[in-house]
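Protein chains: 2
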Amino acid sequence: MTKISKRTNQLSASPIRKFLPDVLTNEKRGIKVFKLNVGDPDITPPKEFLQAIKKFKQKNIGYAPSPGIKEHVKAWVKYYSNFNIKLKPENIIPTVGAGEAILMSMIAVADRGDEIIVFEPLYANFIGFAKIAGVKLIPITLDIKNNFALPKTSEIKKKITKKTKAIIIINPNNPTGTNFSNKEIKNLISIAKQKNLFIISDETYREIVFDTKPNSLLKFSQIKDRLIIIDSASKRFSLPGARIGCLVSLNKNISWALLKLAMIRLSAPTIEQYGLIPLLKNSKAYTKKITTEYQKRGEFVFNALSKMPGVICKKPQGAFYIMAKLPVKNAEDFIKFMLTKFNYKKQTVLLTPASEFYVSKNKGINEVRIAYVLKVSELKPAMQVLARGLEGYLKIKK
Amino acid sequence: MTKISKRTNQLSASPIRKFLPDVLTNEKRGIKVFKLNVGDPDITPPKEFLQAIKKFKQKNIGYAPSPGIKEHVKAWVKYYSNFNIKLKPENIIPTVGAGEAILMSMIAVADRGDEIIVFEPLYANFIGFAKIAGVKLIPITLDIKNNFALPKTSEIKKKITKKTKAIIIINPNNPTGTNFSNKEIKNLISIAKQKNLFIISDETYREIVFDTKPNSLLKFSQIKDRLIIIDSASKRFSLPGARIGCLVSLNKNISWALLKLAMIRLSAPTIEQYGLIPLLKNSKAYTKKITTEYQKRGEFVFNALSKMPGVICKKPQGAFYIMAKLPVKNAEDFIKFMLTKFNYKKQTVLLTPASEFYVSKNKGINEVRIAYVLKVSELKPAMQVLARGLEGYLKIKK
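Just so you know, the protein sequences line up as chains C and X, in that order.
Remember, my numbering sits 1355 above the position in the first sequence when you count from 1.
Remember, my numbering sits 1355 above the position in the second sequence when you count from 1.
Treat each hint with caution, since some may be false.
Because identical chains cannot be distinguished in the list, a pair is counted as satisfied if it fits within a single copy or across any two copies.
[What the hints assert, rightly or not] Below are the DSS-like pairs computed for lysine-lysine, each with C-alpha atoms no more than 30 Å apart in a straight line:
(1) LYS1541 with LYS1358
(2) LYS1414 with LYS1735
(3) LYS1429 with LYS1414
(4) LYS1358 with LYS1486
(5) LYS1636 with LYS1433
(6) LYS1701 with LYS1414
(7) LYS1425 with LYS1412
(8) LYS1358 with LYS1491
(9) LYS1750 with LYS1383
(10) LYS1414 with LYS1433
(11) LYS1486 with LYS1517
Hints listed in this document are in silico derivations from the structure and should not be mistaken for laboratory results.
Construct the complete structure from the given sequences, taking the supplied hints into account.
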């Protein structure tokens, strides 16, 4: 018999899929499941995008050039200039969402067996892409009690070896909802310079920050030559299905390496590249509105969680996630309980077990990620159900 | 200084890009360049697709599920049933064009260092994706004089080692324009069964076949368990910019491996998945029309090339490419000559040097690929210019 490769055998399935049969069973039984597990915004995308799609008038839908459709790339240049970041079209390569940008950036800086430093918990698909790229992620574990702040320089340096090629940060952070301070960023930059490393900065959630202005590593000129930005239209424009992101680099060698990788897969979708042009040029009205909304939701969830006995969490600073440490031994067991043994007034909730966001084994076992992609009017019953469920679960487990 | 990875350093840039500056120089000087280098159809896509895009009414543009949007996958099932191929939705995974499907299929069957047999010349991006996947392509060279027919069983078996995991075929073929016979296919299947290999069959050009019916390895039930189909909407629906393809497998383990890989990158574009639904259900009217057109063009180019002294080529059987062996030492040098030192009535042509379609070094050096993605009314002057250019080049080189 034929066998699949060992590497795909070792890949774990997305936990979202794992719980899908349970969700369907609930829904068939008339039980509403509040889905707080996926970062799939419920908010309507900007009308500029939908209008541009409707107005799309090209007769042919040919390959976009690998370096991107000219007007689309220019629109990204304009987007960045709105944040006082000066770029040239040749610094930008449109990608099929942030996902592809993650894979390309890893391959561009690291050979098979090379190491990249990451801070865990981190966006789980970095782990999957690292397996495809054959790159070893070296995790530095952050602590929820410390609001997932970056550790001391010496702690970071300890993990750097001759094989280390880069440090990855995600800012604002998925899954923690934190936003690194300028001090933390400057510290990372000085380590990268001293140890001759690249920094790969995933800024997918750039504009979704609370009580502060959007930041970018592109604002730190010291890092110019060793920086790769991963960007995406998915979250800040509520357009994950558009599959448009981009890579930014001011290092010509890196740009050329990324472009060669981009040429292998030809291009990012043509229609969506056109669709995003008006929006990229003038996006702040939309992103301000949704940021206000997410902040309201984040505070609501934080306050609700804070009232649940034994739950540890910190006030979100950005993105639309909050991590919570639950007073349970195993968060996945609790999630399964919520889906199979519990409902309150025919309602239950689906959360993501945080263990999938850790590279290290047996970390985050009693933590969950909550994506607040529902309105407060829905988060309200969802948090009530969660509180009751937790109570019920703890009673059984005593 | 930071350095890019060795593996990206070793990647070669697409030759399309290499000649781009010369094309631009010509166009600035008022010289028309007939671009016969890229497989980017000039034909208008089906109105069903464009109408579906215009009618797109979803308020949110969320991630499509990794196994594809239900109605879209069902439309692929219907598409295949129109060719008497029975599939279930779970056999199909939509992909971001054929490109991604190529990468995923290689990773699913082969670990790093494993080998996959290919027949060269072959679609160049297989070579790039194999580098990303860390898979070694073992080429078996086909001969233009033999119209790129598959070799004897013993020749193929010679190349199979303990590390061989699969055989890749592209049918109808890019870049050769040939269509393998049932006898050739059955032979391959028996080798795959005997040696316990997968067959990865890229059928992107399935319906573009001349004087015969569309074929598919899915019609050969003996291979069911060890088959992965790479499919795409790009060529047969003239929609390369839509970035929609799919993977088909009847082997549950392979489908699961492919789905795990698909989950890492989340989804194929949402709008285009919807856009393709009406077309997939009823595509034959369109594909028949364009096949007639491509056949006309292919015959025209074949006849024109056949009249050029010293040029060797065979009548195309499918896709929209023809390979030609030129009476020159180095086809790339000739292409460069056409772009920089020659024009006839302010016209010149751009072809692709065939060497990029070979895994082996120093093969196909005097061959070119011609993509007949222009109307006969344009192919006519293009072939005249090519004939004159070849004459002029040979005079200089004597």
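Against the structure, the hints come out as follows:
no.: 1; hint: LYS1541 with LYS1358; verdict: between (48 Å within a copy, 22 Å between copies)
no.: 2; hint: LYS1414 with LYS1735; verdict: between (48 Å within a copy, 24 Å between copies)
no.: 3; hint: LYS1429 with LYS1414; verdict: both (22 Å within a copy, 27 Å between copies)
no.: 4; hint: LYS1358 with LYS1486; verdict: both (19 Å within a copy, 21 Å between copies)
no.: 5; hint: LYS1636 with LYS1433; verdict: within (6 Å within a copy, 41 Å between copies)
no.: 6; hint: LYS1701 with LYS1414; verdict: between (51 Å within a copy, 27 Å between copies)
no.: 7; hint: LYS1425 with LYS1412; verdict: both (17 Å within a copy, 28 Å between copies)
no.: 8; hint: LYS1358 with LYS1491; verdict: both (25 Å within a copy, 18 Å between copies)
no.: 9; hint: LYS1750 with LYS1383; verdict: within (28 Å within a copy, 79 Å between copies)
no.: 10; hint: LYS1414 with LYS1433; verdict: both (27 Å within a copy, 27 Å between copies)
no.: 11; hint: LYS1486 with LYS1517; verdict: both (20 Å within a copy, 24 Å between copies)
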